[in-house]
Amino acid sequence: MQELIVDRAAIGYSNALIIEELSLSIPKNKITTIIGPNGCGKSTLLKAIARILKMKSGAVYLDGNAIHRLDTKEVAKKMAILPQTANAPGGLKVYELVSYGRFPHQKRLGALKKEDYAAIDRAIEVTGLNEFKNRPIEALSGGQRQRVWIAMALAQETEILVLDEPTTYLDMAHQLDILLLLKRLNEEEGRTIIMVLHDLNHASRFSDYMIAMKGGELITEGTPADVMTCLNLQQVFNIDASIVKCPFSENPICLSYQLC
Amino acid sequence: MTKKAFSRFTLMMSIFIVLTFVAFYLHVTNGIFDMSVWDVCKTILRINPNEKYDLVIFQFRLPRIVIAGLVGIGLGIAGTVIQGVTKNGLADPGILGINAGAGASIVIFMYFFQLSSITSTQSSFSSILMMPIFGFVGGALAATLIYLFSWRNGVLDMQRLILSGIAISSGFGALSLYISLKMNAQDYEMAAVWISGSIYNANWTFVASMLPWIVILGAIIYKKSPLLDYFQLEESTAKSLGIKVEKEKSILLLSSIGLVSACVSVSGGIGFIGLMAPHIAKQLVGIQHKYVLPMSAVIGMFLLIISDYIAKTVFAPSELSVGIVVSIIGIPYFLYLLVKLKV
Chain A
1 MQELIVDRAA IGYSNALIIE ELSLSIPKNK ITTIIGPNGC GKSTLLKAIA RILKMKSGAV
61 YLDGNAIHRL DTKEVAKKMA ILPQTANAPG GLKVYELVSY GRFPHQKRLG ALKKEDYAAI
121 DRAIEVTGLN EFKNRPIEAL SGGQRQRVWI AMALAQETEI LVLDEPTTYL DMAHQLDILL
181 LLKRLNEEEG RTIIMVLHDL NHASRFSDYM IAMKGGELIT EGTPADVMTC LNLQQVFNID
241 ASIVKCPFSE NPICLSYQLC
Chain B
1 MTKKAFSRFT LMMSIFIVLT FVAFYLHVTN GIFDMSVWDV CKTILRINPN EKYDLVIFQF
61 RLPRIVIAGL VGIGLGIAGT VIQGVTKNGL ADPGILGINA GAGASIVIFM YFFQLSSITS
121 TQSSFSSILM MPIFGFVGGA LAATLIYLFS WRNGVLDMQR LILSGIAISS GFGALSLYIS
181 LKMNAQDYEM AAVWISGSIY NANWTFVASM LPWIVILGAI IYKKSPLLDY FQLEESTAKS
241 LGIKVEKEKS ILLLSSIGLV SACVSVSGGI GFIGLMAPHI AKQLVGIQHK YVLPMSAVIG
301 MFLLIISDYI AKTVFAPSEL SVGIVVSIIG IPYFLYLLVK LKV
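Quick mapping for you: the protein sequence lines, in order, are chains A and B.
Heads up: the first sequence runs through residues 1 to 260, numbered per this note's numbering.
Heads up: the second sequence runs through residues 1 to 343, numbered per this note's numbering.
Keep in mind that the hints are not guaranteed to be accurate.
To be verified - In silico BS3-like pairs for lysine-lysine, Cα to Cα no more than 25 Å straight-line:
id : chain 1 : residue 1 : chain 2 : residue 2
1  : B       : 42        : A       : 113
2  : B       : 247       : B       : 224
3  : A       : 107       : B       : 224
Said to hold, decoys possible - Label pairs and their calculated CB-CB ranges:
id : chain 1 : residue 1 : chain 2 : residue 2 : range
4  : A       : 87        : B       : 41        : 50 to 58 Å
5  : A       : 23        : B       : 338       : 47 to 55 Å
6  : A       : 246       : B       : 339       : 53 to 61 Å
7  : B       : 339       : A       : 229       : 56 to 64 Å
Keep in mind the hints are simulated off the structure, nothing from the lab.
Note that the Cβ used here is the ideal one computed from N, Cα and C, for glycine as well.
Excised from the complex, chain A in its bound form (with noise of 0.2 Å):
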């Protein structure tokens, strides 16, 4: 079951080009999760699929629409994006930010319905911000934060989160607070979830399905037994890694390693 196919792409910005040709697809239903070292494109590639940074050529298809020709409000309504740095202007409350989520789903704008109502409530409920609601957002931990964000992504109500570095800044409790959540809403809901985590031992415990990258191109994919060996981390982050069982779930994890 193949949802999201990304097909050909060459992906970059004005005068650089970060990725030459590039085809991988995304399984429904699963975690999935793009591993790589710092400017390998990981992130250029989740911008491009999010349809936030145009293609020079290939595409990204949704169900078997490429998505550049679909409605990019029918588009909002199937894949919701948590971007890798994000503002919130001051005085935004809680509940204000995640009611934008709703922005796809509405008619005529700025008008609330029941539906919403009850969508924002329970993404609100979701990620646990009951008591926060109507706090205005800076006086939130980077923690709480993040998880605003990813209440307003649900709120958007749709299959597919695509999720650029969701554990960036936090401490060590918090990500796997995140990476919890994240998991949850996969095998509550069968949420599709695609993200960038630099953590990899994160990456090998809760995903389904890991895509390691490197200078632009695809170097290996599979399940997190299949890419975290010794080779593919050698080849993929020049690491001589010691790769032993994680406790928790079973995959391998890293547990220490030196240049090579």
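Chain A is fixed; fit chain B onto it per the hints.
Same frame as chain A, now just chain B:
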């Protein structure tokens, strides 16, 4: 929570509408020729009409107040949109060069069509109606230039927007000055008064020429005002929510250029209203643009009517340009914002 914001909005709107009536009252009763409220009411309600009063009220004071109100509304709305779209709290139609562009184009128009001959001839009516269109062309040209210069790698660079706005503003200012120096004395005087921003020569034709712009463009912008909330997020977030960011921003910006141009064509370069009104509105009703926008319009209306009243009376019988009065209030406020916002 939304109810609270709404009742606050209604309260503040009512307060400012009352204040506007106070300003209206002061403006209509005071002047070289003082009248009592009674006289004003009787004249407007056509009880024992008196020719002298009719002339003062209908030919001089009313059109002037209506123009001040309309220009204030237009600048208040345009300022809110421009600040919202650029995400820059110090942006203002004047700072962005749209004023100067529209101004230069109207000075050129005056130069070629010899507007000093505006009296009551047939042709002058159509040429007054033409002025906002000329203003729009100039404003749109300035805005396009600024847009082109501030476009970098497919995104609008806000630093560059402000800088090129300043450059283009002084460029068009110089052009206006150059052309106005080549005019004959009578035209020059009119252009000079007009450039510094004044509405003392208001008449009903001006009202007719700008009212449709204010109504139509104001309605378009109001309908789209919730979008301004989304534009306060990162552009990529707005895009991922399914908003056609470039298209909607262009519609909003073009509409406000139209508003500013209509205002400039009638009143000349009045700055700072577009800067002050949205800030005061946000202080009063919060950050939701469906409230900020009408609030800002009403505040703009009030500020301009009261400024014009001050301009008319403070050195009576000689008058100041309302643009100068607004600047005298506006510059300290601008500096205060600069310090407070730490931009």
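Numbered hints the structure breaks, given as an ascending list:
Of the numbered hints, just 1 does not hold.
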